[in-house]
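Colleague: Spelled out from the first residue to the last, the chains are:
There are 2 protein chains.
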Amino acid sequence: MAEFAELRVGLAQINPVVGSLRENATKILDNYKQAVKAGCDVVAFPELSITGYPPEDLVLKQGFVAENRKVLDEILKSIGDTFAVIGFVDQDKDSDEIYNAAAICQNQKIVGVYRKHLLPNYNVFDEQRYFTPGVHNPLFTIKGACVGVTICEDIWDAQGPVSVQASLGAVLNLNINGSPFHAGKIGARREMLSSRARDSECVVAYVNQVGGQDELVFDGGSMILAADGTIVASAAQFVEELLICDLVLPRSKSVAAPQQSRGQIAEPLDEDAQIFAALVLGTRDYVQKNGFKDVVIGLSGGIDSALAAAVATQALGSEHVHGVAMPSRYSSPGSLTDAKLLASNLGVDIQTISIEPAFSAYLEALAPSFAGRRADLTEENLQSRVRGTTLMALSNKFGWMVLTTGNKSEIAVGYFTLYGDSVGGYAVIKDLFKTKVYEICTYFNQQSGRDLIPNSIVNKAPSAELRPDQRDDQSLPPYEVLDPILEMYVEDDLTAQQIIELGYESELVKRIARLVDMNEYKRRQGAPGVRISTKAFGKDRRLPITNKFSG
Amino acid sequence: MAEFAELRVGLAQINPVVGSLRENATKILDNYKQAVKAGCDVVAFPELSITGYPPEDLVLKQGFVAENRKVLDEILKSIGDTFAVIGFVDQDKDSDEIYNAAAICQNQKIVGVYRKHLLPNYNVFDEQRYFTPGVHNPLFTIKGACVGVTICEDIWDAQGPVSVQASLGAVLNLNINGSPFHAGKIGARREMLSSRARDSECVVAYVNQVGGQDELVFDGGSMILAADGTIVASAAQFVEELLICDLVLPRSKSVAAPQQSRGQIAEPLDEDAQIFAALVLGTRDYVQKNGFKDVVIGLSGGIDSALAAAVATQALGSEHVHGVAMPSRYSSPGSLTDAKLLASNLGVDIQTISIEPAFSAYLEALAPSFAGRRADLTEENLQSRVRGTTLMALSNKFGWMVLTTGNKSEIAVGYFTLYGDSVGGYAVIKDLFKTKVYEICTYFNQQSGRDLIPNSIVNKAPSAELRPDQRDDQSLPPYEVLDPILEMYVEDDLTAQQIIELGYESELVKRIARLVDMNEYKRRQGAPGVRISTKAFGKDRRLPITNKFSG
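First to last, the protein sequences are chains A and B.
So for the first sequence, the numbering used here puts the first residue at 54; every next one is plus one.
So for the second sequence, the numbering used here puts the first residue at 54; every next one is plus one.
Hint data in this document are derived by calculation from the structure and do not stem from the laboratory.
Mixed in with the good hints, there may be bad ones.
Since copy identity is lost for identical chains, a pair holds within one copy or between any two.
Below, simulated PhoX-like cross-link-like pairs (lysine-lysine); rule was C-alpha separation at most 25 Å, straight line [stated by the list, open to error]:
{"hint": "1", "residue 1": "Lys80", "residue 2": "Lys601"}
{"hint": "2", "residue 1": "Lys130", "residue 2": "Lys196"}
{"hint": "3", "residue 1": "Lys123", "residue 2": "Lys588"}
{"hint": "4", "residue 1": "Lys162", "residue 2": "Lys90"}
With the sequences and hints as input, model every part of the structure.
Modeller: This is the structure in structure tokens:
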């Protein structure tokens, strides 16, 4: 017997749809057949690939779990000599408890099952709500090599199952993932995988799901790392791919690891490119997986709606994006021409619908009730709500999903109108602070080779244009001042007091913190949108609405 | 030494405000002083009484946890010979891990700390997101009696810490709770507490928080059960109370438990009374704890808005409730007179604002865009959105919170207009199926001694009145048919297939299930409202929006 086993490994970085069990099965089998054709000995699919990740409370439905098992059994019929590692929900026959599991399949049979040990229950994750942790470390022999299987979180713990399995003899670990994107994550992931490979002297094959699922974007980026921690093959981010790589593995841990043959290595994207790609994929999948083809966007002539429209055209094609300009008595003349120039640059149709008639009608109908009261925020919000209602009417009539265009800075401090500019099915840039919006616009224009988002839009002072000569900086500090404070308060969970102790101006910090807290009720009624940071407004951040803490 | 210890126990059923640490401390000390005055030997406060329950992601702020500890230290200064058991967030100095804990305090000192063992992570609970489980079972000697302390979930497990502590010698268990209400819960709670007392041959003193916190209502209902399982004292539900009871406890487990002197026993409420009280308390606390005094409600002349208004008057006083009738070309003449009669019966002011001018203005502004298209749902939704916008304008101008009036049946199948009748800060009856709405209206009228909700409202056929002669049963099955299917699908997590197998009509069930699934996006942008069932739309039910399961 030779000292080394030669193994061709396939990592199927697929984009499943949550709940679409049969569609996902078809995708799994298509990739399996492709891998067989390419001569793979084993092909691994992402975490919970049958259900799509995360299935959330669907797994509390006994009928859903049963169906996921039935679909796995159907897939099995087509599994031959090439091993398949498939993520599914495993139910214990005696206890009825369920596990986040991987089926290791060959020749129409389940050869073994690995049940995830470490169940994340922080940030966007709720796995302890559903699953019982696994405790076993089964090992598998594939073409003479001793192979371990783990699931996502399992590999992040240096003392976890990967190291245990290696100590039991595994020379390759197949780690299947539903690992969501955030800015900077792929670097952290690579570093961790590299040390895990080195620590456990074991080749690591990491396969990740790709695609958008509500707030989350899964970025793929599957990779294989040699036992010395170097990347020997990697897939692109944000696209489906079947990554194939030949491995030469020692038959025993006592034999030194051989030089790996290198597979294909995808060019890594820089951070702005990753963020833009995440926005595009998240938007495309949310719109299309929910059965829509077209979207409608209110184009104000400002930078937020410009970036949202740019993302939408990349996600869906210009012909599926519809712009609406909705001028009022307070709109600057530049706003309408900027909106039209943007639409023309992006190849998007644009119609103009004045909000004046409806705005006036409301003012008249409300005049008796408002008698003796001065104009205030009410009238500003009214204009914004006429715009929201107009967009929804177009949505209802033509079957277009409304994309909403608020950024994280505005959403944080409540500088938007609930049921007004917040209306929509999906909030494209909700997790980008305003300063980041500018950065990504610059990236988009550079990538496009020309200023598709016109300079006049990029350079104008931000304004909601809801009263004469309004500018954001009349109500808010400049975004360069606001955003770092928001980042500390919202993303880093510092209290106002802690931020002040870092040297920021006391009154300003307290005011911002108070705005963030008191606007929780508005955010709670907002649309989902692409998660870009480590703490987006959504499942990531579960603060009470009723909350009198002011620390 | 006598065989028996005589102990006067106080259970302080308080209504804290989440995050309002100092206000909560004041409430704790007020009750402590009252208990001391009444001669109590020990007084127990609810779970996490310093922070209010549930503090959710506030506990991820290190500064919040530090502040909660500082407040406990301040409380300590006023603690004398009478023991106090106070719920707080305990942080381990070495590991920084946090625990849901109870401080047992006497004479300015923390005598000991119990850390909750069993952390619920299902339904509305996320405790494993935050806390590390405790493992110790410290026992305390109070006036010669051996006393154990546990927290909420701990007592629901027959083999859990209560039984362990009893086996170690505890003759009394002080169980502190943040246990939210649902219909039928108090019966289940009593039964469980009774068997726990009997099983462990131990007196059980159960203290629960009272009050509304976002979706949740805590119903109090604190009680003391003798070791034979009988209730010897109980507090009322839904109100603050300091329950005091004298206990005679054996100094050793080997001595038979004596006859208990009975304390005050509150009359139990029947189920409809509990539900109505929960709606009232939930609404009052949401409105007032968020800094509002007044609310505004659109009165359509239908039963949902009638019940919401009735609840609001009980919660806030009639003078703080403002009705608005917003007739359109499709409103029946009866609607307006019914709305006015209701307002007069409830002592609520009502103004009439026609939606026609704004509706017409929209139709005109949209006419070029809609050219060649027939009227459809768009125009119906428009009317509803004009109403929503009108209510929000009144809210903005006068500082009234909008109460929204949708019921669970409508919300389940999406029979409402997003940004239309769904607008509002709080959704009073969102967890009541339509058939239950009728039942609670009947209860309210009976309690009131006359038909404050007019018969003409109770008896009319449900209609949204958004097109000529519209009735709900043109779009939906009768609510007597719809509601049981919704209950199985939404609350019991049956799949459509399982419901069909129970004998329900296949096409109907599939249609209802599809409606529930496809309207998840609408619900996600809805207001919070009082949780009444074991599965409300909210933190209880976390289904993906993007979801193609149709099992």
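Colleague: For every hint, state whether the structure bears it out.
Modeller: Taking the hints in turn, this is what the structure says about them:
1. Lys80 with Lys601: between (49 Å within a copy, 15 Å between copies)
2. Lys130 with Lys196: Within one copy only: 21 Å inside a chain, 71 Å across chains, cut-off 25 Å.
3. Lys123 with Lys588: neither (37 Å within a copy, 28 Å between copies)
4. Lys162 with Lys90: within (20 Å within a copy, 73 Å between copies)
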